[in-house]
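Could you build all of it, start to finish, from the sequences and the hints given here?
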Amino acid sequence: DIQMTQSPSSLSASVGDRVTITCRASRPINNYLSWYQQKPGKAPRLLIYITSSLQSGVPSRFSGSGSETDFTLTISNLQPEDFATYYCQQSYSDQFTFGPGTRVDLK
Amino acid sequence: DVQLLESGGGLVQPGGSLRLSCAASGFSFGSYAMNWVRQSPGKGLEWVSTINDSGDTANYADSVKGRVTISRDNSNNTLHLQMNSLRAEDTAIYYCAKDHVYGEVFDVWGQGTLVTVSS
Numbered sequence: 126d127i128q129m130t131q132s133p134s135s136l137s138a139s140v141g142d143r144v145t146i147t148c149r150a151s152r153p154i155n156n157y158l159s160w161y162q163q164k165p166g167k168a169p170r171l172l173i174y175i176t177s178s179l180q181s182g183v184p185s186r187f188s189g190s191g192s193e194t195d196f197t198l199t200i201s202n203l204q205p206e207d208f209a210t211y212y213c214q215q216s217y218s219d220q221f222t223f224g225p226g227t228r229v230d231l232k
Numbered sequence: 425d426v427q428l429l430e431s432g433g434g435l436v437q438p439g440g441s442l443r444l445s446c447a448a449s450g451f452s453f454g455s456y457a458m459n460w461v462r463q464s465p466g467k468g469l470e471w472v473s474t475i476n477d478s479g480d481t482a483n484y485a486d487s488v489k490g491r492v493t494i495s496r497d498n499s500n501n502t503l504h505l506q507m508n509s510l511r512a513e514d515t516a517i518y519y520c521a522k523d524h525v526y527g528e529v530f531d532v533w534g535q536g537t538l539v540t541v542s543s
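Residue numbers (our numbering), protein chains in the order written: chain A, 126 to 232; chain B, 425 to 543.
If you are wondering where the hints come from, they were derived from the structure by calculation, not from laboratory data. Quantities reported herein were computed from a predicted structural model and do not represent experimental measurements. A couple of the hints might just be wrong.
[What the hints assert, rightly or not] Dumping the calculated DSBU-like pairs for lysine-lysine here, alpha-carbon to alpha-carbon at most 35 Å:
no.: 1; chain 1: B; residue 1: 489; chain 2: A; residue 2: 164
no.: 2; chain 1: A; residue 1: 167; chain 2: A; residue 2: 232
no.: 3; chain 1: B; residue 1: 489; chain 2: B; residue 2: 467
no.: 4; chain 1: A; residue 1: 232; chain 2: B; residue 2: 467
no.: 5; chain 1: A; residue 1: 164; chain 2: B; residue 2: 467
no.: 6; chain 1: A; residue 1: 167; chain 2: B; residue 2: 489
no.: 7; chain 1: A; residue 1: 164; chain 2: A; residue 2: 232
no.: 8; chain 1: B; residue 1: 467; chain 2: A; residue 2: 167
Okay, here's the thing in structure tokens:
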């Protein structure tokens, strides 16, 4: 199975900050990498797919990049509604796996 | 509106069985693969199973393989997950999720149904 790691596991930031979350796959995943946002008590929400494609309705302050094994989610100009947990997910292998999550909270 | 509504969760004893359902509306259900993803209390997300649009191909996580069966009824826009030989570690919120048109990405999620395995 492909293992996914994320760093940091949590971070504190302020409104207006630029936030970067890193996701690493245990082997190359050919850009089959997605990002989800989850708020407490809610279902996850798709933000980014195929590494950098923005899902319809997602604000343009969210962006994704990367290749091979290393990927990044960037939130520019952090907004109050962005405080949440973020998960990466690979769909390269037939055993889809998620990263452990990165919690973004208010400094 | 595109909607997914899960049902069937509850308390079950170890070794027991449960059948989850997911009612879909607002999109052409039979045109998309569907998925189950679970989340143990306070933990991260774990993909469980995927079924293709026609229902003739399914894929399972190693952690549930042999104990779980995914199925779908395209005439009634419903997805199912039959879970047998349940263990304490199966305790989780179970979400059904629709595949993105691109495929193998989960673009619409239900609100989840809680399964608790305990004696």
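Tell me, in ascending order, the numbers of any earlier hints that this structure violates. No numbers; nothing is violated.
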